[in-house]
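**Student:** In case you want the letters, here they are:
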Amino acid sequence: AQSVTQLDSQVPVFEEAPVELRCNYSSSVSVYLFWYVQYPNQGLQLLLKYLSGSTLVKGINGFEAEFNKSQTSFHLRKPSVHISDTAEYFCAVSEKGSQGNLIFGKGTKLSVKP
Amino acid sequence: KAGVTQTPRYLIKTRGQQVTLSCSPISGHRSVSWYQQTPGQGLQFLFEYFSETQRNKGNFPGRFSGRQFSNSRSEMNVSTLELGDSALYLCASSLNTLFLNTGELFFGEGSRLTVL
Chain Y
375 AQSVTQLDSQ
385 VPVFEEAPVE
395 LRCNYSSSVS
405 VYLFWYVQYP
415 NQGLQLLLKY
425 LSGSTLVKGI
435 NGFEAEFNKS
445 QTSFHLRKPS
455 VHISDTAEYF
465 CAVSEKGSQG
475 NLIFGKGTKL
485 SVKP
Chain F
5 KAGVTQTPRY
15 LIKTRGQQVT
25 LSCSPISGHR
35 SVSWYQQTPG
45 QGLQFLFEYF
55 SETQRNKGNF
65 PGRFSGRQFS
75 NSRSEMNVST
85 LELGDSALYL
95 CASSLNTLFL
105 NTGELFFGEG
115 SRLTVL
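These protein sequence lines map, in sequence, to chains Y and F. Add 374 to the 1-based position in the first sequence for my numbering, that's all there is to it. Add 4 to the 1-based position in the second sequence for my numbering, that's all there is to it.
Honestly, the hints are just simulated from the structure, not real lab data. All residues carry an ideal CB built from backbone N, CA and C; glycine is no exception. Keep in mind that the hints are not guaranteed to be accurate.
With a straight-line Cα cutoff of 30 angstroms, these simulated BS3-like cross-link-like pairs (lysine-lysine) come out [to be verified]:
{"hint": "1", "chain 1": "Y", "residue 1": "423", "chain 2": "Y", "residue 2": "487"}
{"hint": "2", "chain 1": "Y", "residue 1": "432", "chain 2": "Y", "residue 2": "487"}
{"hint": "3", "chain 1": "Y", "residue 1": "443", "chain 2": "Y", "residue 2": "483"}
{"hint": "4", "chain 1": "Y", "residue 1": "443", "chain 2": "Y", "residue 2": "480"}
{"hint": "5", "chain 1": "Y", "residue 1": "483", "chain 2": "Y", "residue 2": "470"}
{"hint": "6", "chain 1": "Y", "residue 1": "470", "chain 2": "Y", "residue 2": "480"}
{"hint": "7", "chain 1": "Y", "residue 1": "470", "chain 2": "F", "residue 2": "61"}
{"hint": "8", "chain 1": "Y", "residue 1": "423", "chain 2": "Y", "residue 2": "483"}
{"hint": "9", "chain 1": "Y", "residue 1": "443", "chain 2": "F", "residue 2": "61"}
{"hint": "10", "chain 1": "Y", "residue 1": "480", "chain 2": "Y", "residue 2": "423"}
{"hint": "11", "chain 1": "Y", "residue 1": "480", "chain 2": "F", "residue 2": "17"}
{"hint": "12", "chain 1": "F", "residue 1": "61", "chain 2": "Y", "residue 2": "480"}
{"hint": "13", "chain 1": "F", "residue 1": "61", "chain 2": "Y", "residue 2": "483"}
{"hint": "14", "chain 1": "F", "residue 1": "61", "chain 2": "Y", "residue 2": "423"}
{"hint": "15", "chain 1": "Y", "residue 1": "480", "chain 2": "Y", "residue 2": "432"}
{"hint": "16", "chain 1": "Y", "residue 1": "470", "chain 2": "Y", "residue 2": "443"}
{"hint": "17", "chain 1": "F", "residue 1": "61", "chain 2": "F", "residue 2": "17"}
{"hint": "18", "chain 1": "Y", "residue 1": "470", "chain 2": "Y", "residue 2": "423"}
Ranges between beta-carbon positions, derived for each pair [unchecked claim]:
{"hint": "19", "chain 1": "Y", "residue 1": "391", "chain 2": "F", "residue 2": "55", "range": "42 to 52 angstroms"}
{"hint": "20", "chain 1": "Y", "residue 1": "388", "chain 2": "F", "residue 2": "34", "range": "39 to 49 angstroms"}
{"hint": "21", "chain 1": "F", "residue 1": "77", "chain 2": "Y", "residue 2": "413", "range": "24 to 34 angstroms"}
Based on the provided sequences and hints, a complete structural model is requested.
**Tutor:** This is the structure:
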């Protein structure tokens with residue numbers, strides 16, 4: 375069965391510092407991978423997705439993620455964060471050829487301090 | 005273009021009662037899926053409806069049910085509420101069924117249920 379592990383539940387960083395949010399997945403088949411962001415009191419919004427092709431994926435708000443098949447990872451990065459990036463970030467996986475529902479990690483709370 | 009609308013946004017119920025939550029998807033979207041979000045378990049898939057048919061179901065007891073209408077609006081119902089049902093219930097819509105979709109779900113802001 376597929377599963378997603380987000381290795382850090384909370385990540386505090388200072389404004390303009392780089393950040394990496396880690397995500398590992400487990401699946402016996404090929405997968406699609408996603409990062410979603412949830413701002414306080416809001417629903418989730420898609421940041422970026424990996425379906426196939428280039429392993430480096432660029433998303434909205436300056437975020438990017440790299441798919442590493444050998445390490446079964448899909449870490450999210452941003453070279454310089456802003457206060458407005460404070461939110462909870464969810465990694466999700468969907469198995470190719472399955473019913474298609476997303477399995478989410480438990481989330482990483484990113485807190486950007488001035 | 006209006007987003008996904010969920011009502012009510014907040015509600016308080018007592019154990020043993022039942023609750024109905026509503027979700028209006030983005031215009032033109034035919035798939036509606038539901039998730040339960042709690043601090044301990046995170047986001048868990050409840051079920052997906054596409055063209056008024058349940059296409060997929062997560063691992064939840066039969067107290068959790070749903071339906072979809074011909075205009076794609078969806079409702080979910082939880083009967084005989086338990087304290088552990090307190091959660092944020094999120095609805096997400098997409099153009100196609102999740103099986104054909106490539107993961108871009110559009111989420112509503114959720115309905116926060118508190119069970120006392």
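**Student:** Would you pick out the hints that fail for this structure and give their numbers low to high?
**Tutor:** none
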